[in-house]
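Enquirer: The primary structure of each chain is shown beneath.
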Amino acid sequence: MLVRLVIVALLVLVFWLGTRNMKLVPGRFQGTVEMGLDFVRVSIAEDLLGKKDGRRFLPLLTTIFFLVLFLNLTGIIPGINIAGTSVIGLPLVLAAASYIAFIYAGLRKHPGAFLRNALFPPGVPWPLYLIVTPIEFVSMFILRPVTLTLRLLMNMVVGHLLLVLFFSASAFFMTDLGGGWILAGVGTQLFGIAFTFFEILVSLLQAYVFTLLTAVYLQLALAEEH
Amino acid sequence: MLEALIIAAEEKPNPLLPAWYDIVYSIIPFLLVLLLFWKVVLPRMQATLDERSARIEGGIKQAETAQAEAKAALEEYNKLLAEARAEAAKIREQARVDGGAILAELKEQASAEAARITATAQQQIEAERQAALVTLRAEVGSLALDLASGVIGESLADDARATALVDRFLADLETSEKAAK
Numbered sequence: 004m005l006v007r008l009v010i011v012a013l014l015v016l017v018f019w020l021g022t023r024n025m026k027l028v029p030g031r032f033q034g035t036v037e038m039g040l041d042f043v044r045v046s047i048a049e050d051l052l053g054k055k056d057g058r059r060f061l062p063l064l065t066t067i068f069f070l071v072l073f074l075n076l077t078g079i080i081p082g083i084n085i086a087g088t089s090v091i092g093l094p095l096v097l098a099a100a101s102y103i104a105f106i107y108a109g110l111r112k113h114p115g116a117f118l119r120n121a122l123f124p125p126g127v128p129w130p131l132y133l134i135v136t137p138i139e140f141v142s143m144f145i146l147r148p149v150t151l152t153l154r155l156l157m158n159m160v161v162g163h164l165l166l167v168l169f170f171s172a173s174a175f176f177m178t179d180l181g182g183g184w185i186l187a188g189v190g191t192q193l194f195g196i197a198f199t200f201f202e203i204l205v206s207l208l209q210a211y212v213f214t215l216l217t218a219v220y221l222q223l224a225l226a227e228e229h
Numbered sequence: 334m335l336e337a338l339i340i341a342a343e344e345k346p347n348p349l350l351p352a353w354y355d356i357v358y359s360i361i362p363f364l365l366v367l368l369l370f371w372k373v374v375l376p377r378m379q380a381t382l383d384e385r386s387a388r389i390e391g392g393i394k395q396a397e398t399a400q401a402e403a404k405a406a407l408e409e410y411n412k413l414l415a416e417a418r419a420e421a422a423k424i425r426e427q428a429r430v431d432g433g434a435i436l437a438e439l440k441e442q443a444s445a446e447a448a449r450i451t452a453t454a455q456q457q458i459e460a461e462r463q464a465a466l467v468t469l470r471a472e473v474g475s476l477a478l479d480l481a482s483g484v485i486g487e488s489l490a491d492d493a494r495a496t497a498l499v500d501r502f503l504a505d506l507e508t509s510e511k512a513a514k
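Here the protein sequences come in this chain order: L and S.
Residue numbering for the first sequence is 4 to 229, as defined by the numbering used here.
Residue numbering for the second sequence is 334 to 514, as defined by the numbering used here.
Hints are computed from structural coordinates only; laboratory data are not their basis.
Computed from a predicted model, the values in this text were never measured in an experiment.
For each residue, glycine too, the CB sits at the ideal point set by N, CA and C.
Heads up, some of the hints might be wrong.
Here are some chain L residues pointing at chain S (derived, C-beta under 8 Å) [said to hold, decoys possible]:
id, residue
1, 7
2, 61
3, 69
4, 72
5, 96
6, 97
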């Protein structure tokens, strides 16, 4: 749990310093920070939500992206070796934030009509509501936060388990068995290294997916028609 | 983490049921980071972006102004050039006219001068002719008288009649000469 606070301190430090002395022509560090912020701003927020709403929800989206990214990456940092997101608390909190945000956005934009449109999609023959409404209800108000949480949690847990498996197998082959088993140990070690790189990819991808899905939910809630 | 692992090992709780401290330690980082981005990083970023776009727009506007100014200057220059050309043409025309006038005047002066010189020369010639005539008359008279004196053997020099004779003779000569002309 302490890991999270350390990483948050690091994150605060990076972005505080990175934006403390903003220049019109960015240096290397500022350029990198700007690139990260621009990625969320342009390719997620403004792409899906448009300029106005994108700016409104940008703080939330940026927070989710960088918090998930930084805490995912702790899974491959030697000495920490466990992702801050591989314990259910954080994914759950973020999913709850996303959940609250899109329901709030929907109620604010279409007070009254939001829930009706969500549960009784217009243009559907009324007998179908018997089927559609429970499906919509479950998918929107239960499955969305649950899938958000579990997708992130399980990806990070599994990544962690895989790495643990590979590296402890290497240790076992090399030190406990020895002899010809060392070759097998080398093999598992190599796989472990490969999967470490894979974990970097997964970290980025999961951060992106979480943020993107939040943006998509917001977009659906803000859309005129469902 | 260690504490969590120990607890996990002792109690084997369901990993999908979060412990209370897990939630607390998740909310705190979330709120911290949210606050960071919301209140600090994104406003700064937005300010920079705005400033940057303002700078770019300002630059474009400045360039447009400069272009307009350059265009105006070019038009002004062309106008001045046309005016200068017209002026030059006018001056040239004036100069041609003036030159013609000066030439005519000079010609006139020259011809007047020539006429004057001619007249002077004629007068001089006339005067010299008169002088020569007078001298000639005197000499011819005395020569004739000497000759006649020699022929008739006596001096006719002091004789008033002889002078009158010579004069008459010369007058006759002149009249015959005029008649011959």
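Enquirer: Compare the structure with each hint and give your call.
Expert: Right, here's what the structure says about each hint:
Interface hint status for residue 7 of chain L: upheld, as the beta-carbon distance to the closest one in chain S is roughly 5 Å, under 8 Å. For residue 61 of chain L, the interface hint holds, the least distance from its beta-carbon to any beta-carbon of chain S being 6 Å, beneath 8 Å. Taking 8 Å as the C-beta cut-off, the interface hint given for residue 69 of chain L holds, the closest approach to chain S being about 7 Å. About 11 Å separates the beta-carbon of residue 72 of chain L from the nearest beta-carbon of chain S, more than 8 Å, and the hint is not met.
Nearest Cβ of chain S to the Cβ of residue 96 of chain L: about 4 Å, under the 8 Å cut. The hint holds. Hint on residue 97 of chain L holds. Least Cβ distance to chain S is approximately 7 Å, under the 8 Å limit.
Hint violations for this structure: number 4 only, all remaining hints satisfied.
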